[in-house]
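Chain B: place on chain A using the hints.
Here's the letter readout for the chains.
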Amino acid sequence: MLYFVDGVRPLSTTEQHFLTLQNEVIRQYPWPLEFQTLIRLLIKVEQADAQSFFHDFVVGSDTLPRDTQQLWGAFQAATILAEDLVDAPFPEFFRFLYEGDIDQFQNEQLSPQMAFEALRKLEDATAGSDSSAGSILAGFIRYTEFLSGMDNIFPSPPAPRLGDIPTPEELLLFQIFGKQALEPTTFEEISPALAARQNHATEIKRILRWRLPNTDHSRRTLSALWSAFSTLASDQIHRYPSLGLSWNSTLSLDEVLRLSRRFFDFDGQEPVVQRFESTSPESAKEADDDL
Amino acid sequence: MPADDDRFRAFATSHFLAHGLGAKLSRSASSVISERRYSRDQYRSAFAMACGAILERTL
Chain A
29 MLYFVDGVRP LSTTEQHFLT LQNEVIRQYP WPLEFQTLIR LLIKVEQADA QSFFHDFVVG
89 SDTLPRDTQQ LWGAFQAATI LAEDLVDAPF PEFFRFLYEG DIDQFQNEQL SPQMAFEALR
149 KLEDATAGSD SSAGSILAGF IRYTEFLSGM DNIFPSPPAP RLGDIPTPEE LLLFQIFGKQ
209 ALEPTTFEEI SPALAARQNH ATEIKRILRW RLPNTDHSRR TLSALWSAFS TLASDQIHRY
269 PSLGLSWNST LSLDEVLRLS RRFFDFDGQE PVVQRFESTS PESAKEADDD L
Chain B
5 MPADDDRFRA FATSHFLAHG LGAKLSRSAS SVISERRYSR DQYRSAFAMA CGAILERTL
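Residue numbers (our numbering), protein chains in the order written: chain A, 29 to 319; chain B, 5 to 63.
Isolated chain A, as found in the complex:
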């Protein structure tokens, strides 16, 4: 994104040595294409040309306006949010998605207290990270918060308004304004600023998406995590009916997958399929009741 000035070395000698030694680890990880190219460049970069690395090799985006004033706030907010991805319990969550043991996770007797305890430990700076099921679940909860935060900074594109089943509001618009009211809209039609923000979201996805690899294993681990989380959420909400809350697993999962696709390019098709295959008659009835 043309963020760095010249004269900044892309990595330290220690880091370069580390990358060189981790050839096997790097080869096995499903990096996005531009990361693969970058690894090859970083391993080969010499001390002499390190100072001009960004000028020579890192091409900034040409989809963003040069005047960044209108995007400065969104950029800062996204950067602050992305800092969270580095802290516990996010690394445990992402590592679980990459190569976590699903059977071991499913054999854990998970409780809301385990996740709350893991989240509470985050407030204790002296507590180290751990890879317990509670931490992984806490990481998933924080992940949904991250997605929600990003969706607030970068509002989702308007959905096609001419669906198979128009909503009551759409029908009302149709009655008042005719067919034109139901035609799809685009960001450009609404606001150039929103369109620029959407381009910005795409650029950020390009940088962050390496954390959520598009592999069968990550789809299965996310499915297992969702199953555990959804069971706990449903139990808790049914336990306290006076709160007046309802839980719809299907719609909630769709939203998590939609935002994961939007901000991480994650294709979660398999968990969606598994969701229907693994849905018990009881839980299916509960979902119907919620609807």
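Certain hints may be false.
Stated by the list, open to error - Residues from chain A that face chain B, not an exhaustive set, calculated with beta carbons under 7 angstroms: (1) Q50; (2) A110; (3) F118; (4) P119; (5) E197; (6) I235; (7) W254; (8) Y268.
As the list claims (entries may be wrong) - Listed below are the simulated DSSO-like cross-link pairs for lysine-lysine, each with C-alpha atoms no more than 27 angstroms apart in a straight line: (9) A:K72 with B:K28; (10) A:K149 with B:K28; (11) B:K28 with A:K233.
What the hints assert, rightly or not - Label-pair ranges, simulated between beta-carbon atoms: (12) A:T41 with B:E39: 14 to 20 angstroms; (13) A:A221 with B:Q46: 31 to 37 angstroms; (14) A:H266 with B:H19: 45 to 51 angstroms; (15) B:F15 with A:T243: 36 to 42 angstroms; (16) A:R37 with B:H23: 14 to 20 angstroms; (17) B:A22 with A:S80: 19 to 25 angstroms; (18) A:A221 with B:H19: 21 to 27 angstroms; (19) A:L279 with B:F15: 19 to 25 angstroms; (20) B:L21 with A:T243: 16 to 22 angstroms; (21) A:S184 with B:H19: 28 to 34 angstroms; (22) B:H19 with A:S219: 28 to 34 angstroms; (23) B:H23 with A:D77: 41 to 47 angstroms; (24) B:A27 with A:A221: 27 to 33 angstroms; (25) B:F15 with A:H266: 31 to 37 angstroms.
Worth flagging that the hints you see were computed from the coordinates, not collected in a lab. Yeah, the Cβ is synthetic: ideal placement off N, Cα and C, and Gly gets one too.
Only chain B this time, still in chain A's reference frame:
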């Protein structure tokens, strides 16, 4: 202020690397590189995350 203004970019770069996301990514990678306690089951994903942190900082 335009993104290609040198003063703006120098300030943004300095802050990113010293205090912001860049600093956090550096510390995250550094803690893994210097840490030797990872088990056989953990090291592959931990090292992949460290490599990713270095690469993310560059983009």
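| Numbers of the earlier hints that this structure fails to satisfy, in rising order | 3, 5, 7, 8, 13, 19, 20, 23 and 25
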